[in-house]
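J.: Sequence:
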Amino acid sequence: MSQSLSLSLYNTLSRQKEPLTPRVEGEISMYVCGVTPYDKLHIGHARAFLTYDALRRVLENRGLRVLHVQNVTDIDDKIIIRANEIGQDPLKLASNYHEESLRELALLDVLPAHQYPRVTGHINPILDMVAKLEERGYAYAREGDVFFDVSKDEDYGKLSGQKPEELRAGARIIPGETKDDPADFALWKVAKEGEPSWPSRYGNGRPGWHIECSAMALEILGEGFDIHGGARELVFPHHENEIAQSESFLGDGGTFAKTWWHCGELRVDGAKMSKSLGNFITLSDALEMAPKNVWRLLFLQTHPRSPLDYTEEKLLQFKNSWNRIKNALDKAPAEVGELSEGATRFQAQFNAALDDDLNTPEAIAAVFDAVSEFNRSGDEALGATARNAMEVLGFSFETEQVGDELTPHLLELLIQVRQSARERRDFKTGDQIRVRLNELGIALEDGVDGTTWKRV
RNA sequence: GGCCCCGUGACCGAGUGGUUAGGUAACGGACUGCAAAUCCGUCUACACCAGUUCAAAUCUGGUCGGGGCCUCCA
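Add 556 to a position in the first sequence, counting from 1, and you land on the number used in our numbering.
It is worth saying that the hints were derived from the structure and are not from the lab.
Be careful, since some hints might not be right.
Calculated cross-link-like contacts (lysine to aspartate or glutamate; reagent style EDC-like; alpha-carbon spacing at most 20 angstroms) [unchecked claim]:
(1) Lys887 - Glu1001
(2) Lys596 - Glu656
(3) Lys887 - Asp935
(4) Lys748 - Glu722
(5) Lys887 - Glu869
(6) Lys887 - Glu947
Let the sequences and hints guide you as you build the complete structure.
T.: As structure tokens, then:
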């Protein structure tokens, strides 16, 4: 039997925190909804993927083997529309944007998923699932489309609280739709002229939006996998429909995913980021605006499940915040040796915060406490433990290479020249060296043990 | 209209029936030739109105305000 970990996660399905109990002891299977690659990544994507990255790192730190699967929805209306606009092959366009997203996420130190299944590589399993749903009466075919029949699924709405009858009341009737019920959704869509399509018993067509996640998650991770993730906005309809079709497919009492852990959405100046509002910040722009660790700190200092409001002022605050951590922990040993009392206490606080639904803000608050204590006492074990804790959350302290191997020697030389000037009380020359170096991005700091330099 | 979140000090942001969260900024002090970094100190908040309770920012009801989903979305 598998046993519970000390870590609990809030399960959207049960609306409460539950101890995480791996399906297979020592292993966690995690499926995270990925992107539809038709455009550049934005900081909303970054927040989501960084959140699951942190979760994964924490689980791995607890000794679990995590299998992280993230889908790529590489065939979809938006891809086709964009491809037609620029006269490119849709599959090529999707593939390019996917490759780009992997490169950009790597710059944020987001660990790559173990598998990136693509819809276009899983057409057969998808069609098998659609066929089985139809055979069992959960789906019906209409003029080449196939729809899931919501009325056949008794507990439809259990994830989001949206009931079919309520959906019908507010539903917009879309002309030309052949569905029996506005709440029904497409499993398979008939091909339009010039679109990529695959042959099927229903004629040429392509998968509907939700079916790919069901088919690929079940194929790769199997029934009852541990964690299904994605941003909160995906709860309805995407995840609701995934559950409906998957559990109807699995049959009596079948469980698709055990824990649904959703991260909060990102806002910009109080409103959701969208192209129409013009408040769209791409990940590549973001990385120009601040280093990766600053973004990680900004993202993780709001609870992963809460909405996060991005403002320029906040970014500035977190640049300063990160500097406080970096100034201290750069001086701490990289390797944790024997723990001191303070280090043990810190470690317990840090772990307890993460155990409670991955409360990263509280865990980082413990790090700030440790930083203050380390600055005061110089307790190296505490400093090293705090540094290690930040690394568990995916922060990095590697020193940037400055210039070539000659540069540090030249800087030492300048520091010595400046020191001689200061000893002659020629502060004008000394300050000039410091100011000019600062303009070049090198900060000099006079400490009791002499002068040190660092990159600003 | 339906489903669901949220309103915490100058700003950000955890928490939750009785305890200083934490960070940023600001101000004062220490250290320093001056900076920077660091340390010490100051700034004691939970939208509003009722109620429950020995005790509520935390529970209940209402009011006001903001946001998300219901159409593509991480």
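J.: Hint by hint, where does the structure go against what was stated? Just the numbers, ascending.
T.: Result: hints 4, 5 break, sorted rising.
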